[in-house]
Amino acid sequence: MAEWVRVGETGEIADGEVNSYSVADRAVAVANVGGTLYAFDDVCTHQQCSLSEGDLDDTVIECPCHGSQFDVMTGEVVQGPAADPVDTFDVREEAGELQVSVE
Amino acid sequence: MTRAVIVGAGETGGTAAATLRDEGFEDEIVLFGAETRPPYERPPLSKEYLRGEQPLERGYLRPDAWWGEQEIEVRFGTKVERVDPRAREVVVEGGERIPFDLALIATGSRNRRLPSPGIDLSGVYGLRSADDATAIRDAASQASHAVLVGMGFIGAEVAASLRHLGLDVTVVEFTATPLERVLGPELGRVLEGLHRDHGVEMFFSDSAERFEGDGRFEALVTTQGRRIEGDFAIVGVGVEPVTDVVADTDVEVENGILVDGALRTNVPGVFAAGDVARHDHPVFGRIRVEHFDNAVKMGEAVGRSMLGRLEVFDDPHWFWSDQYDANIQMAGFATQWDRVVIRGDIEQRTFAAFLLDDGVLRSTFSMNWPRDVRRSMPLIGAQARPDAAQLADPDVDLRTLASLR
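Protein chains in written order, with the numbering used here: chain A, 1 to 103; chain B, 1 to 405.
With the rest of the complex left out, here is chain B:
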């Protein structure tokens, strides 16, 4: 009898467990989750669930009863303290030790914590779990003004949802435009315009100095000296991988758990996937990705890997973000680029933007121009050098360019 232990019951861990079963693994599967809920999708937490439009259960990866039917032993609400690769045991909170033959670490990421004074005041929230989203929803129902720190995708989605609920929203963002690091200033300003048109007040190149309040949040004071009063605050300034369970073990960690193309750590039989895994991507090199689609696809891939069906995880990476009535998508990965080619109308916010570095398509971003992002993914995967004029021409089907390479 072989026992596979999965540490972390988010989208990745849950998907991996399901994949093991779907692909014919008939032995023991133990799925540990720190949260008390079965695996659920997180994208609605900043959008449909936050706005009160759909129940959490709608995002459950599988119906509640499914795990038992599949004879997957679920240990929800159970914190794993340590994965011991030498003893080949998982150590559970309280000291229980569970031996394993195969282990998957899918512990995900946690919100980065600001060192600012007052961060622990009540009324200062972060958004990661369903409980966090519920708390923000409750706070919003009795509030008229929210103060957001950080305008990454989470901050931008939360801003949109809170505006939808009728709250005034003020955002303070450290960089000069939203998502400057991934989008650059030109595209960042398009996103800024979208939020400005929907009445969000934004201050850029500024950050949180301290959170003030008498027992409860009352105002944010910024490093630029602004004092922004509000009913509550939400901090969304990025995440860090949760690698604690393998601290001081043989498992290699460097901004995430290092895994090869098949999602294996340096220790045989120990795998990592999802937000926590820094994988070796054939196109992008070593990267760690923190999006829904990757969490699911990696969960499937690592399940197959655990069964010995090794394949290189080469997904070009893709995600969406819905803000107001805008469908936003992005594929690929680029830290630098020297050319942005626009297809569509950037002024009207219906366009795709192709980010090229030395002629190679590295990433595609779109707003209300959905189809071409996914069509561009084979080009990104092939490190293709598409002709800029053809990229810019909406009448050129990107799928025909893929065959040109």
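So here's chain A without its partners, still in its complex pose:
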């Protein structure tokens, strides 16, 4: 069973925006792409910059430090210099809460 952790309120991330939350000692980014939420590791696999500080273009998040791009749906690298994907997590809106599971 996934353990859901409340990180915020329903609807608090606007379309095209990314927020960062702390879940079980991990920084987790949550992006809103056209009304669908995606959660992923907020630490770039290249040089550990915060991805949520970067810009979201459709489903692609760009690292603000060195330009690596990741697909927020899969965590896969779209463009280097990063070589490794970022972890992705389950996210949902439930009972007025924004919830993430990092299980």
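Honestly, the hints are just simulated from the structure, not real lab data.
Keep in mind that this is a model prediction, so the values were computed, not measured.
Mixed in with the good hints there might be a few duds.
As the list claims (entries may be wrong) - Covered stretches of chain A, as calculated for chain B (at least 3 residues, CB under 8 Å):
| id | segment |
| --- | --- |
| 1 | 13-23 |
| 2 | 49-55 |
| 3 | 77-83 |
All C-beta atoms, glycine included, are put in the ideal place defined by N, C-alpha and C.
Following the hints, complete the assembly by docking chain B onto the known chain A.
Using the frame of chain A, we list chain B on its own:
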């Protein structure tokens, strides 16, 4: 059967080979590299690799086995002597001749060599290849004081890495501030302050007269008469394009191999990209760019061009430089500007600086203010004339300015 030959297995050559395959080119690809390693990224050489924080393999463009799996014939450790556009052959060291239908010259650049006496002493290094970085790393592990000649981006990054390793660092730089030509004195002094606060000793408006030592480097004597003793020296005074393979051929060379917007030389079927290529940029005119991001993006673009998918390479150019805990970025290209607009706090070294020439945004530089450099790139590409007050206001999203034009 078509054969594409790529001369040079750096970031550009390696990326071009991969792009050819990714985009459906099913014929022969031969990738020549003078170094024995598969294509690798060079940015860590002055930073993470030099500091011993990550292995070289981490920067490999593709895993070692990938090239074989993709049926790309790799000839690493093989020097190409000449690309003969009339015979349509590549001449390899030793005399072997390989015919080609398509050729890409991605030979990159080499470090500019100082004419100073003593430059060949052991203990005087340059930094370009992984072997160079390894040699400097080994030297640093047994040293307490490094002398650097040149404070461009490489010199500045190496200074930061050596300070991190605990060495004393003295730098001699020809211009009055670091990176004066690209940043101007005001921004150059910010970089100078960063390094001074981290204990780097710097002498500006001075240069190398001679390197002294009994068989091995002991001291640098400068044109201003300083004598700076150290355990080893590193020279980083810029690069020059490696155009030797097309010397005395029909391929046009002028500070690099001249290519059009689609990265084609004047000889049909012969392309050039990366550090060696002086391309025709729709915004900046003829420029040659020596940065990682350009090497990769040009590698992708030239791969598509070789397949006949011609498009003008109009990337606004962007690069980063990490020094100490500072993330530094720059986009665009400017040789002159008449106004610098600051967003953020230059004293605190958290800012973006917009370089405008006659109102047109030409270049953006940032320190610990990452996001706005990349956001400014569409403005640079569009030769936009953004309002200075809006540029200076951190609450104005630069992406909204792009739509105003």
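Outcome of the hint check:
Counting residues of the segment 13-23 of chain A whose beta carbon lies closer than 8 Å to any beta carbon of chain B gives 0, which falls short of the minimum of three for the stated coverage. A count of 4 residues in the segment 49-55 of chain A with a Cβ less than 8 Å from any Cβ of chain B is obtained; the coverage claim is therefore met, three being the minimum. Counting residues of the segment 77-83 of chain A whose C-beta lies closer than 8 Å to any C-beta of chain B gives 3; at least three are required, and the coverage claim holds.
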